[in-house]
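Please take these sequences and the hints and turn them into a complete structure.
There are 2 protein chains.
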Amino acid sequence: MKSTYHSNSNLDLSFTRVIHVPRTLVWRAWTEPEWLKPWFCPLPWKTIACEIDLRPGGIFHTTMQSPEGVEFPNDGCYLEVVTQERLVWTNALLPGFRPGKPCAPADADDAKFLFTAMLELADADQGTRYTATVMHADETGCRQHAAMGFESGWGTALDQLIAMIQLES
Amino acid sequence: MKSTYHSNSNLDLSFTRVIHVPRTLVWRAWTEPEWLKPWFCPLPWKTIACEIDLRPGGIFHTTMQSPEGVEFPNDGCYLEVVTQERLVWTNALLPGFRPGKPCAPADADDAKFLFTAMLELADADQGTRYTATVMHADETGCRQHAAMGFESGWGTALDQLIAMIQLES
Numbered sequence: 001m002k003s004t005y006h007s008n009s010n011l012d013l014s015f016t017r018v019i020h021v022p023r024t025l026v027w028r029a030w031t032e033p034e035w036l037k038p039w040f041c042p043l044p045w046k047t048i049a050c051e052i053d054l055r056p057g058g059i060f061h062t063t064m065q066s067p068e069g070v071e072f073p074n075d076g077c078y079l080e081v082v083t084q085e086r087l088v089w090t091n092a093l094l095p096g097f098r099p100g101k102p103c104a105p106a107d108a109d110d111a112k113f114l115f116t117a118m119l120e121l122a123d124a125d126q127g128t129r130y131t132a133t134v135m136h137a138d139e140t141g142c143r144q145h146a147a148m149g150f151e152s153g154w155g156t157a158l159d160q161l162i163a164m165i166q167l168e169s
Numbered sequence: 001m002k003s004t005y006h007s008n009s010n011l012d013l014s015f016t017r018v019i020h021v022p023r024t025l026v027w028r029a030w031t032e033p034e035w036l037k038p039w040f041c042p043l044p045w046k047t048i049a050c051e052i053d054l055r056p057g058g059i060f061h062t063t064m065q066s067p068e069g070v071e072f073p074n075d076g077c078y079l080e081v082v083t084q085e086r087l088v089w090t091n092a093l094l095p096g097f098r099p100g101k102p103c104a105p106a107d108a109d110d111a112k113f114l115f116t117a118m119l120e121l122a123d124a125d126q127g128t129r130y131t132a133t134v135m136h137a138d139e140t141g142c143r144q145h146a147a148m149g150f151e152s153g154w155g156t157a158l159d160q161l162i163a164m165i166q167l168e169s
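Here the protein sequences line up with chains A and B, keeping their order.
Numbering of the first sequence is given in my numbering, commencing with residue 1 and proceeding in unit increments.
Numbering of the second sequence is given in my numbering, commencing with residue 1 and proceeding in unit increments.
Among the hints, erroneous ones may be present.
Think about it this way: if two alpha-carbon atoms lie no more than 25 Å apart in a straight line, the pair counts; the simulated DMTMM-like pairs of lysine to aspartate or glutamate are [claimed, not checked]:
| # | chain 1 | residue 1 | chain 2 | residue 2 |
| --- | --- | --- | --- | --- |
| 1 | A | Lys101 | B | Asp12 |
| 2 | A | Lys2 | A | Asp12 |
| 3 | B | Lys2 | B | Asp53 |
| 4 | A | Lys101 | B | Glu34 |
| 5 | A | Lys37 | A | Glu80 |
| 6 | B | Lys2 | A | Asp53 |
| 7 | A | Lys2 | B | Asp12 |
| 8 | B | Lys101 | A | Asp12 |
| 9 | A | Lys2 | B | Asp75 |
| 10 | A | Lys37 | A | Glu151 |
Simulated from the structure, these hints should not be mistaken for laboratory data.
All values derive from a computational prediction rather than experimental measurement.
So, in structure tokens, the structure goes:
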């Protein structure tokens with residue numbers, strides 16, 4: 001049985017686009033490390049490592065590298081995997097569903113905001129309806145993510161995904 | 001595909017017992033509110049409310065009441081449901097997989113320790129092999145839970161579960 005999304009406009013960021021890329025290839029771009037690394041970070045940032053165990057409780061690890069060469073590892077855990085349709089993961093749990101270390105409050109300088117992300121794919125005319133949603137724990141985390149450029153960041157990465165697939169085909 | 005448990009003896013508490021109760025009834029006792037409430041808290045504490053949406057992302061809510069009448073609500077989210085075999089839930093996520101509010105560090109006075117719990121059931125001679133495992137984020141949370149009497153608390157509740165089923169049958 002699929003999970004139910006409990007939307008909350010004060011806590012969630014979401015955007016939808018129809019893209020002219022088949023669902024099968026969008027799914028591969030999200031779920032195979034060699035397909036994910038080229039597009040996942042808006043350039044000039046890079047994704048230099050990726051590990052995927054595509055099942056609930058499985059690891060979703062990426063390491064991003066800044067233009068200056070600083071590395072930022074991200075550890076998450078898949079929660080729901082519905083092939084070519086829905087992918088849900090969180091950074092609040094580590095692989096095997098273990099809770100992550102308690103974090104500082106969201107207004108602290110060293111806060112890491114917790115999120116659960118959901119990618120939804122559906123058929124659309126000549127392509128795929130692509131919806132990305134990020135759920136946050138509180139409004140501070142949500143605002144912080146919006147200020148970091150959620151929609152432009154995810155949008156730029158999606159443009160890179162589309163360009164990669166068009167180059168391959 | 002089932003999740004993989006990553007054991008860590010510094011962070012996890014676990015106990016196993018063989019009980020003379022059929023798996024089908026143990027499963028009902030864990031997954032139907034009217035079956036759960038009578039046994040879930042060691043007496044004289046009581047479980048006065050329970051809500052269950054038995055699927056990944058679904059709510060697992062209980063309200064416990066102390067002998068003095070103080071109520072303690074607990075909100076969690078199921079992560080994995082394998083009928084009569086495995087049940088995994090966490091208090092690090094709210095229903096719909098939303099991250100819970102950032103919490104204080106585990107050594108703060110008002111810390112709520114985060115956990116993910118896993119119930120595993122298997123056939124055994126004349127009954128069921130019952131394993132309960134609780135994964136913590138850090139050693140402080142694990143020690144705190146052990147000091148609260150994890151094994152005696154879960155063991156007493158299990159005795160109450162067995163007694164309830166024996167009374168019913």
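Which numbered hints turn out to be false for this structure?
-> 4 and 7
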